[in-house]
Every structure is written in structure tokens, then in C-alpha cells.
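Sequence lines, in order, name chains B and X. Residue numbers for the first sequence follow this note's numbering, beginning at 99 and rising by one. Residue numbers for the second sequence follow this note's numbering, beginning at 99 and rising by one.
Be aware that a few hints might be false.
You can't tell identical chains apart in this list, so a pair holds if it fits in one copy or across any two.
Here are the simulated EDC-like pairs of lysine to aspartate or glutamate, each with C-alpha atoms no more than 16 Å apart in a straight line [said to hold, decoys possible]:
#: 1; residue 1: Lys293; residue 2: Glu316
#: 2; residue 1: Lys506; residue 2: Asp474
#: 3; residue 1: Lys347; residue 2: Glu517
In case anyone wonders, no lab produced these hints; they're calculated from the structure.
There are 2 protein chains.
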Amino acid sequence: MTHHADYARQTAERARAASRQLMSVSGAMKQRWLHTAADALVARTAEIVSRNEQDVARAPEFGLTSAAIDRLRLTPARIAEIAEALRDVAALPDPVGESIEGYSRPNGLRVQKVRVPLGVVFFIYESRPNVTADAAALCVKSGNAVILRGGKEALHSNVALYRILKDTLIETGLPEHAVQLVATPDREVVGEMLKLRGLIDVTIPRGGKSLIERVAAEATMPVIKHFDGICHVYVDAAANLEMALEILKNSKCQRTGVCNAAECVLIHAAVADRFLPMMSAMFATEKIEVRGCVQTCAAIPWAKSATDDDYRTEYLDKIISSRIVDSIDDAINHIAQYGSQHTDTIVTNDLRAAERFVALVDSSAVMVNASTRFNDGGELGLGAEIGISTDKFHARGPCGLRELTSYKWIVRGDGQVRE
Amino acid sequence: MTHHADYARQTAERARAASRQLMSVSGAMKQRWLHTAADALVARTAEIVSRNEQDVARAPEFGLTSAAIDRLRLTPARIAEIAEALRDVAALPDPVGESIEGYSRPNGLRVQKVRVPLGVVFFIYESRPNVTADAAALCVKSGNAVILRGGKEALHSNVALYRILKDTLIETGLPEHAVQLVATPDREVVGEMLKLRGLIDVTIPRGGKSLIERVAAEATMPVIKHFDGICHVYVDAAANLEMALEILKNSKCQRTGVCNAAECVLIHAAVADRFLPMMSAMFATEKIEVRGCVQTCAAIPWAKSATDDDYRTEYLDKIISSRIVDSIDDAINHIAQYGSQHTDTIVTNDLRAAERFVALVDSSAVMVNASTRFNDGGELGLGAEIGISTDKFHARGPCGLRELTSYKWIVRGDGQVRE
Chain B
99 MTHHADYARQ TAERARAASR QLMSVSGAMK QRWLHTAADA LVARTAEIVS
149 RNEQDVARAP EFGLTSAAID RLRLTPARIA EIAEALRDVA ALPDPVGESI
199 EGYSRPNGLR VQKVRVPLGV VFFIYESRPN VTADAAALCV KSGNAVILRG
249 GKEALHSNVA LYRILKDTLI ETGLPEHAVQ LVATPDREVV GEMLKLRGLI
299 DVTIPRGGKS LIERVAAEAT MPVIKHFDGI CHVYVDAAAN LEMALEILKN
349 SKCQRTGVCN AAECVLIHAA VADRFLPMMS AMFATEKIEV RGCVQTCAAI
399 PWAKSATDDD YRTEYLDKII SSRIVDSIDD AINHIAQYGS QHTDTIVTND
449 LRAAERFVAL VDSSAVMVNA STRFNDGGEL GLGAEIGIST DKFHARGPCG
499 LRELTSYKWI VRGDGQVRE
Chain X
99 MTHHADYARQ TAERARAASR QLMSVSGAMK QRWLHTAADA LVARTAEIVS
149 RNEQDVARAP EFGLTSAAID RLRLTPARIA EIAEALRDVA ALPDPVGESI
199 EGYSRPNGLR VQKVRVPLGV VFFIYESRPN VTADAAALCV KSGNAVILRG
249 GKEALHSNVA LYRILKDTLI ETGLPEHAVQ LVATPDREVV GEMLKLRGLI
299 DVTIPRGGKS LIERVAAEAT MPVIKHFDGI CHVYVDAAAN LEMALEILKN
349 SKCQRTGVCN AAECVLIHAA VADRFLPMMS AMFATEKIEV RGCVQTCAAI
399 PWAKSATDDD YRTEYLDKII SSRIVDSIDD AINHIAQYGS QHTDTIVTND
449 LRAAERFVAL VDSSAVMVNA STRFNDGGEL GLGAEIGIST DKFHARGPCG
499 LRELTSYKWI VRGDGQVRE
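Let the hints inform the model, and build the full structure from the sequences given.
Following this line, the structure appears as C-alpha cells:
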């Protein structure tokens with residue numbers, strides 16, 4: 099075994115042992131850890147800031163933009179927010195032990211499906227150091243041990259945060275290895291981790307598409323992920339066009355670099371003449387580039403021509419593709435062909451159109467008269483999320499505490515045997 | 099592309115198209131198909147029997163035992179049972195469209211998690227032809243298109259059953275390719291199918307361990323499976339020993355070749371002196387070979403010595419391993435080390451022991467005072483099952499209609515945008 103393989107296996111075995119210990123840790127103990135860790139983060143702000151300054155100083159070496167450097171920076175105010183997020187997770191209901199269903203069988207057996215932790219989570223993420231604390235909180239609250247692998251740009255900040263999480267785990271009597279950080283910058287370690295089916299139950303990559311593709315290709319265990327967020331806003335023939343404009347603006351412009359931002363607008367031909375000038379004015383003001391079909395370009399002189407590739411592209415930028423469709427079914431077919439099953443919304447006042455869209459669009463979240471930006475754990479009431487999944491297996495859409503659990507069947511009898 | 103790759107892709111693409119068509123098929127239509135197919139199976143009994151006779155005639159070529167040949171044989175009575183099973187599936191509640199949860203958000207958004215089909219199921223199974231009809235019924239009832247790949251021993255029988263399923267799909271207006279059968283005997287086709295992530299949503303292998311290992315290693319999409327059923331009966335210090343004996347007998351002897359049969363008995367040292375003679379007499383009568391620890395062998399002179407490998411073995415035969423443990427925690431640790439997270443039962447009257455066992459044994463089903471044989475879709479009230487999963491992802495334990503579904507989020511608003 100190589101050095102990296104050794105390191106990965108030992109880390110995963112410690113996590114596995116911690117996950118077994120977590121099976122007998124009460125919800126109250128987990129809450130106490132989260133509050134103690136939150137207090138310690140605030141108390142040790144100076145230590146975090148000083149380590150974070152090392153990352154910020156090195157950031158130009160990694161080619162970070164000034165916006166990215168700003169996201170990397172930890173101020174006392176931001177550290178207080180991270181601490182507050184831990185207290186929020188503490189306040190969420192404990193998913194472990196939840197009875198999902200329960201009933202009695204004719205022979206007197208009492209059957210229950212009860213929520214249990216997945217076991218060991220390997221979480222790979224890029225850049226922002228607040229994710230370190232969020233992910234640790236969500237995983238441990240849901241009874242899982244977590245192995246964290248952050249980006250090299252945030253290494254010193256992550257180490258500082260991790261030390262506080264670890265110190266407080268020990269202080270509050272939780273397993274020390276319930277949270278571990280892979281602090282070596284070598285990429286080979288990730289490859290070795292991804293081989294460890296049986297020790298690691300799930301890998302969650304959060305970051306750019308190339309990271310996620312690499313993880314999906316190499317992982318021998320299940321992966322919770324989304325590759326792309328090619329989200330659509332469909333403006334139906336029966337749309338309230340003012341509402342459509344607000345929803346489109348929010349979906350596209352509120353934040354362009356996120357997975358639930360709209361990348362394509364589909365407009366029913368019956369309202370195109372009226373809607374395109376409204377959209378043109380709005381996107382001109384918002385400085386969004388439009389890449390459109392022939393009809394879009396005819397109405398918006400400054401729009402560029404869209405290629406087939408445009409409709410398949412997650413821009414994550416101030417660009418949107420636009421296409422006029424002849425019917426709701428054309429819109430649904432366009433979404434099936436070009437979409438990524440992430441988030442799609444219809445704007446309409448026609449009940450049948452809404453029901454048809456909801457039934458036939460097979461995306462993790464399908465919206466009616468609401469912004470695509472609502473496909474988010476906080477917005478949908480999950481409290482917090484570790485990511486958004488476009489997989490159909492296990493967890494789909496925003497993944498909070500419950501999505502980090504599995505279940506087991508518990509069957510209680512008084513001597514029943516099978517006939 | 100090879101011929102096999104072409105064939106696999108075309109089959110999967112037809113299934114994918116059928117699965118999209120199934121999105122707008124009502125529950126009533128699916129029920130009508132199941133009843134029509136059941137009637138047709140009975141009406142066309144002669145055709146099935148004649149094709150089945152070809153398989154039975156060829157069976158010795160494949161080295162089938164007489165017991166296996168008996169399981170292969172289709173009589174009019176067995177065909178009537180297969181038809182009845184389809185009617186049973188028709189009577190089960192339709193899982194598609196079930197609202198799993200629903201609530202309103204403070205901003206007025208109405209959020210719903212609704213059950214949807216997985217899409218395309220690739221089902222690989224061995225021997226018994228009744229599984230062909232069962233699997234097709236479960237998959238289509240849950241809104242999925244299915245690609246069936248049965249064993250070569252049952253090829254003619256499967257073709258006969260498949261034709262009837264297909265004819266009735268067409269007759270009742272369902273998509274013709276909702277059910278397809280891979281009738282070529284070449285194994286390469288399976289390998290090509292397993293590459294088709296994106297077209298096939300889940301593969302379910304049911305058969306011997308080598309089949310399942312091959313599928314798990316090669317599949318690029320999620321797999322629902324169990325490798326082993328190394329199930330334990332733990333006789334606690336506080337067990338009713340008569341009850342323990344009945345449960346052990348049922349768990350081990352009722353059927354030895356099934357995954358939920360017991361393969362190991364763990365006996366608390368405090369009751370070993372009394373229980374071992376009872377167990378010895380029972381297993382002697384039942385002609386079960388015992389492979390035991392030193393203490394087991396001291397009490398049962400005809401028992402053989404168990405090796406470490408015995409505790410890791412799924413015998414699927416008239417053999418059981420036996421070990422005396424000093425405490426319930428020793429039993430729990432033994433199960434964690436040697437078990438396969440399938441089914442484990444404790445026999446006890448001590449509430450704390452039962453609760454500890456249930457909390458710390460991490461198996462798909464954990465039983466208290468009941469036979470391991472109850473980990474079964476029919477017995478737990480799911481109506482029917484396509485298999486039992488020891489995975490933690492998506493589906494754990496018996497997999498019925500609901501376990502063949504995923505969900506999507508539906509969010510309805512009246513113009514909400516994100517702040």
C-alpha cells in the first residue's frame with residue numbers, strides 16, 4: 099500500500115469506529131456539542147482570523163478573483179454567522195430514531211421503519227470555509243461521522259475551524275473522530291478514499307463540474323450530487339406576464355453563479371410578441387446577455403444567436419438562452435432534451451397547463467409561479483442543506499438532515515414463526 | 099459499436115421512451131393491464147406449458163438438480179398462481195403520485211414531495227419463471243419500464259410469459275416496450291447494459307453471489323442488492339428458551355436455501371448449559387449440521403469445530419454455526435464483525451436487552467422475539483417484493499412498489515421570488 103492508501107484507510111477506519119460510537123450518543127449530547135462549538139468559534143475568533151489571513155495572502159497564487167477572495171475572507175461578523183448556523187442546526191429536530199411508519203401485522207408482529215444514520219460521509223468541497231462547519235454540524239447531527247476534504251485555497255482556515263470542532267467534540271464527550279479533516283493537499287488521497295466502499299457509505303462532492311465528474315467516475319460507493327443546474331423558466335400562453343418577468347428576473351439575476359439560477363427561458367409563441375420587449379428591457383437593465391432562437395433575435399436586436407450547445411450550457415454567468423415554443427408540450431420536450439433535471443418553473447394561470455407541467459417535467463423540483471431559486475434547503479424548510487441532488491436514488495433535491503439518514507426495519511414479536 | 103452494444107442501447111432507448119409514456123398512464127390503466135394479463139396467462143396455459151416443457155427437457159444439460167427442475171416446471175396450477183399474483187399486485191395501492199409530505203412556507207409557497215417512478219429498471223434473475231411476471235407487474239405498477247434478463251435455463255418459459263405480457267400491454271393501450279425481455283443467451287449483453295447510465299436508472303440482480311458481485315462491480319448506475327444473508331439468532335440470558343428454540347428452528351430449518359434463513363446462533367453463556375441440549379436434540383431431528391465454538395462442541399458431541407470462516411459463511415444449506423457469548427455486547431460485536439447487515443433477531447424477555455440490540459445492530463431488519471424469516475415483502479405487508487436490499491441507499495430491506503419509486507419536489511406559488 100502506498101502512503102496515501104494507508105492514510106486514507108486509517109482515516110476511514112477511525113471514522114467507521116466513530117460512527118459506531120455515535121449510535122449510542124443522545125440527541126441532547128449532539129445539541130450540547132453544537133452549542134459548545136458555536137461558543138468556541140466566537141471565543142477563538144482571533145485564532146481563526148489569523149489563520150484565514152494566511153489563506154487570503156496566498157489567494158492570488160491560486161488565481162482567485164477578487165470576488166472569490168472576498169468569499170474566502172473570515173471576519174468576526176462572518177465567524178459569528180458560522181456559529182449561529184451551528185445553533186440553528188442544533189435547534190432542528192433530530193432525524194435519528196424518527197419512526198417513518200409503523201403498523202401491526204395480522205400475526206401480531208409490530209413493524210416499524212426507523213430512521214438511522216448512513217454511517218460515514220466523505221464530503222469534498224471547494225473554497226468557502228463556512229461550509230466546513232456547516233457540513234460537520236449536519237453530518238454529526240444526523241449521526242454520521244464525516245471526513246472533510248476542503249479546497250487548498252481555504253486550507254489554513256479549515257484547519258483552524260476543524261481544531262475547534264475537534265476540541266469541542268472531546269470536551270462534550272462525543273467521539274473525537276466523528277469529524278476529521280484531510281489536510282494534505284495531495285489529490286491522490288481523494289482517489290484512495292473513493293476506493294473504500296465498505297468503510298465510507300456515501301461521498302458528497304460540492305463544487306465545479308470537473309470535480310463532480312471525477313468523483314462520480316472514481317467512487318465505488320454511492321454519491322449524492324448534481325452535475326449541472328440547467329434550470330428553465332417557461333412562460334406559458336396563460337401567464338401573467340408581469341409575474342413572469344419578476345420570476346424570470348429573480349431566477350436569472352438574483353445570483354448568477356448558483357445551481358438553481360435559470361439558464362434558459364422558454365416563451366409560448368402566443369405571448370412572445372408582448373413578452374419579448376418586456377424581457378429585453380429587463381435584461382438590458384440587468385446587463386444579461388441573451389442568446390436566442392431566430393424569433394427571439396428578431397425581437398431583441400442586441401441578442402446573439404443561440405446554438406444547440408447554448409441550450410445545454412450551465413452558464414453560471416450573466417447569460418441566458420431564450421427560445422420561443424409553439425406549445426406547452428414543446429416546452430416540456432425541450433426541458434427533457436436539454437435540461438439537467440434540476441429545477442424548472444412554469445408561469446401560468448391555466449390550471450391544466452400547471453398540472454401537465456408538474457406531471458411531465460421530471461426534475462428534482464418543479465415549480466409553478468415561483469422562482470427557480472427556491473430549490474434550496476433553507477427555502478423549502480429543511481433548515482440547512484449539504485447539497486442539492488439531481489440523482490433519483492435515495493435523495494433528490496435539497497439534502498438536509500433526513501437525507502443524510504437511511505432506515506432499518508424493526509420487528510417486535512412474542513415468538514412468531516413463519517408458517 | 100459491437101452488435102451487443104447496439105442491441106443493448108436500442109433496448110434501453112425503447113425502455114426510456116416507454117418510461118416517459120408511462121408518466122401519463124393512469125393507475126386504472128395499469129390495473130386493467132394486470133387483470134388482462136392475468137386472464138391471458140390462464141387462457142394461454144397450453145402455450146406456456148408447451149414452451150416450459152422445452153426448458154424442462156433441456157434442464158439436465160445445464161446440470162440442474164431435480165429440486166431445481168421442479169422449481170422450473172410450470173403446471174396449470176402454477177400458472178394460475180402466477181396470474182393470481184398479478185391480480186394481487188393490481189389490488190395494491192398505486193405508489194405513483196403519493197404525497198409523501200406537504201406543507202406551506204411562511205411566504206405562501208405550497209411544498210409537496212410526491213412519489214414518482216425511478217424510470218427504467220434492468221432486472222437480472224435466475225431460474226424460476228414466475229419471477230418474470232412478478233417483476234414485470236411490480237415495475238409497471240410502480241410506473242417503471244423494465245428490461246428483464248432471466249436465466250438461460252428458463253428461456254423458453256420466459257419468452258412465452260413475456261409474449262403474453264407484451265400482447266396485453268398493446269391490447270390495453272400501455273406502451274409496448276414497458277416490458278422487454280433480453281432473449282439472447284450471450285452474457286456480453288449484460289455487460290453492455292450495465293454501461294448505460296443515463297438510460298437505465300437502477301439494476302436489480304437477484305440470484306447467486308457471483309452474479310451479484312459481477313453486477314455490482316460492472317454497473318455504472320445504482321444497484322439494489324444484497325450479497326449475503328448471514329442472519330443471526332441471539333439467545334439472550336433472559337430468553338424464554340422454548341420460544342428461542344422455536345424461533346431458531348423456524349429461522350434455520352423452514353427453508354435453508356433463502357437469504358433470510360439463520361446461518362449462526364449466538365447463545366448467552368448464562369443459558370448455554372440449558373439451551374445447548376435442547377438445541378442439540380432439535381438440530382439432530384432436523385438433520386442440521388452444527389459447527390460450533392469450543393463450548394458448543396463440549397455440549398454437543400456430534401458438532402464440528404467452527405473456523406473463523408464458518409462465521410462468515412452463508413451456507414444456504416443444512417448447516418449452522420454456533421457460538422457462546424459472554425454478554426449481549428459480545429453478541430452485537432460478533433454480528434457487526436461477521437454479519438452481512440441482513441436480518442438478526444434477539445430472543446429475550448429483558449426490555450433493556452431488546453432495546454440495546456435494536457439500537458446497536460445495524461441490519462436491514464432487526465427482530466425481537468420473531469423468526470428471521472419475516473424479513474420478506476409479503477410478511478411485512480408490502481404485498482410483494484422484487485428483492486431484499488442490504489444497501490443503505492434508497493431502499494433497505496424488502497423492496498416492494500414504493501421502493502421502485504423516487505420523489506420530486508413540487509412547489510406552487512403565486513409569483514414568489516427570493517429575497
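Do the hints match the structure? See the list:
no., hint, in the structure
1, Lys293 x Glu316, "both (8 Å within a copy, 14 Å between copies)"
2, Lys506 x Asp474, "between (28 Å within a copy, 13 Å between copies)"
3, Lys347 x Glu517, "between (64 Å within a copy, 12 Å between copies)"
The structure meets every hint from the earlier list without exception.
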